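With chain A held as given, fit chain B onto it using these hints.
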Amino acid sequence: MIRVDTYPTHKYENFSLRPGKPIPFGATIVPGGVNFSVYSRHAVSCELVLYNKHEREPFAVIPFLDEFRIGNVFTMIVFDLDYENIEYGFKMDGPFSFSEGQWFNREKILLDPYAKAVGGRDIWGEEPDWSNPYQYRARIAFDDFDWEGDKPLEIPMKDLIIYEMHVRGFTKHSSSKVKYPGTFAAIREKILHIKELGINCVELMPIYEFDEFENSRISPATNERLLNYWGYSTVGFFAPKSAYAATGKYGMQVDEFKALVKDLHKNGIEVILDVVFNHTAEGNENGPYISFRGIDNKTYYMLTPEGYYYNFSGCGNTLNCNNPVVRNMILDCLRCWAAEYHIDGFRFDLAAILGRNQDGSPMHNPPLLETLAFDPVLGKCKLIAEAWDAGGLYQVGAFPSWGRWAEWNGKYRDDIRKFLKGEEGLVGAMAQRIQGSPDLYNRQYRGTCASINFVTCHDGFTLMDLVSYNGKHNEANGENNRDGSDDNYSWNCGWEGETCDDGIRFLRKKQIKNAVSILMLSQGVPMILSGDEFGNTQYGNNNAYCQDNEISWLDWRLLNTNYELFNFFKRVVAFRKKYSIVKSSDEDDYSTHLDNGYPRISWHGTKAWNVDFSAASRLLAMLCCGKKKDESGNVKEDFAYMAMNMHWEMHVFELPALPDGFKWHVFANTDVVMNDICEVGCEVLLDNQSEFVVGPRSVVILVGK
Amino acid sequence: MEIKSYLKDKVVVFELDGKLDVNTASKVQEEVMTSVGQECRLVLDMKKCDYVSSAGLRVLLVISKQLAKVGGCGVIANLLEEVKDVMQMTGFDNLFKSYENVDQAVLAVMKGDLA
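Protein chains in written order, with our numbering: chain A, 1 to 705; chain B, 1 to 115.
Bound conformation, chain A alone:
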């Protein structure tokens, strides 16, 4: 049967038109044509501007007729468009009044906020023609894809091991030996590495379309061009970054990214996107017209009563997240990524902003966060908040959660770093961090899985740099080393930067092993920064957001040089998987009531069952113990013990006695040069079952079996 709405009703010049459907917003391929729909509350008129791909001048400007507007939505179907080869934009007319927050300018060509693909920056680093009046050009994407039965993996939070990575930096270095370096496709060539490490979830730093040339400049320190390499500045929320696709020059980034997600899923690896909804790339009052500013400034941005942009993001503007229209856009966006791209979860950059009211004040029950927590389509997606913003709202432990939201645990990062470098007074805090920070995440309401534990992330030192530099070295960023955090809690082990001193090099590697051991034996969800598993360095730069070069790119030669580290990481990750007793105490199938008298988690020191919590102490040991049925239905008891000595002297730790029939076996000892870690299951029986000498600044992991 042929539908009546496949026939045009209007003519404009050579184009056949018909009133469109207001929902969904954006450009949708319909029988015979394309349905365009765009919201603006304050615009009085709107025109559709059509270009042939890459061309500077449009081939058509078609006004939305009065009868094509429904409420605050301009919508029409244009028939017979060569939709694969066109780009489109909007022109909006309306009031201009700074104090009223109205920025309409009918000369500007505006990107559709719902554009599913964006052209204009198709090839990374290719200098754009700045005189072109339409820089970021909406394209129409096919939304069908042959998923062959793929769906999001729904791995339980407690089993997740997250690997944070930058799409370009992961394979851009020539040592990566991939065919198309720095692309989505190239990641597929490295899946075996990720899998071998034991990772089951990658968290991709921003992949929404952004402009690497935003604030681009030449570094006075190095004379190199600085780019917006990280991409925390969204141009198009619904579009994967074209220049991250080897096929971006053909406009096939949507398919290439989906092929990556499908391949990762096939290998048991989830995909979390780092999403930036706190601000856009339009900057402050002096920024460019890209989209929102010209479409409906007053709706999309938080404005002061005088009409200026609030700047809770530190990036010039703040998206008006709790305006109902903007809230819906964010929801539509996430639903699109979850449903169309099979994305498994999201990490929200500066998420505290998402809980601010339209006047900037923090809300008790922010409707956006509640909506996301309960949305049916997002129902199984992981939701992870970076629970602070640049406006001083710090909500670690207090982010509104409805039992759904997890948080990047900044306290975990800071405490473990301080403990590692041997600061005093950390033993009590470490006991909290290792058991999932119950002081922050109430067991009854949130549980340990609300805590994303990490030592390093893209923001700050890499793990190797954390143990190689006392201070940041950001001179290459061109701001006289003023940018980047000063609170690194790092220690260089005796020499600032690279060294040939074997003793220092040994100590650094040991500290890295100490860090990953504690991370992998902490309750909650561990996150590793990619490259840390082979000692990747940024040469002391702790804010490499603008460094599209060897400072940021992973040097895969280090995998060979530091194979010992990779091996340690791999095995300690495997340990976490096998001895799941160390993962999470509130969501597992271990019996919580033990008839052998051992608590689920207990704390020890140089004396068993006796911890020195005093300020001068740098020693702590943990015993995890539990009982559960294995695959064949036999009840088994697991014992895992970790002794942490962050003092510069060795100490003898008295071992807690095991029940009859169990013996202590050593799995890892970061103080030894050879055989620092066993293969899981091949732990070595200890001669001395009553005590263990733990070397200076060392971690020892034992199992009772």
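Treat each hint with caution, since some may be false.
Stated by the list, open to error - The list that follows gives simulated cross-link-like pairs (lysine-lysine, DSBU-like), each with its CA atoms no further than 30 Å apart:
#	chain 1	residue 1	chain 2	residue 2
1	A	Lys190	B	Lys69
2	B	Lys69	B	Lys47
3	A	Lys53	A	Lys266
4	A	Lys249	B	Lys48
5	A	Lys262	B	Lys4
6	A	Lys190	A	Lys380
7	A	Lys249	B	Lys84
8	B	Lys69	A	Lys151
9	A	Lys53	B	Lys84
10	A	Lys578	A	Lys411
11	A	Lys663	A	Lys636
12	B	Lys65	B	Lys48
13	A	Lys266	B	Lys84
Rather than coming from a laboratory, the hints here were simulated on the basis of the structure.
Please read all numbers here as calculations on a predicted model, not as lab measurements.
The following block gives chain B in isolation, referenced to the frame of chain A:
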């Protein structure tokens, strides 16, 4: 896009000459589909096809699905490297088996054990 077809050992060989994109997609689909039937054997010779767009990939997908549905058999021959890479990177590479030349392709479909 020029499409020529000929019979070789009961196998229909389609020579696709030009770009397979939104402008040529329906033409390719229509012409190839006329040969898709139960137990059909066909080869797409892509030697002179230097570009396959998103719409083009979808035509290949539709043809492969239809072949699977009716129990036909088809393969690709002479895929240019860049086109092959695009198909691989966009996840459209397992639609058809690919052979270096038409003779090998014909031999393969004659055996009939390929989707």
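Which of the numbered hints above does this structure break?
-> Failing hints, ascending: 1, 3, 5.
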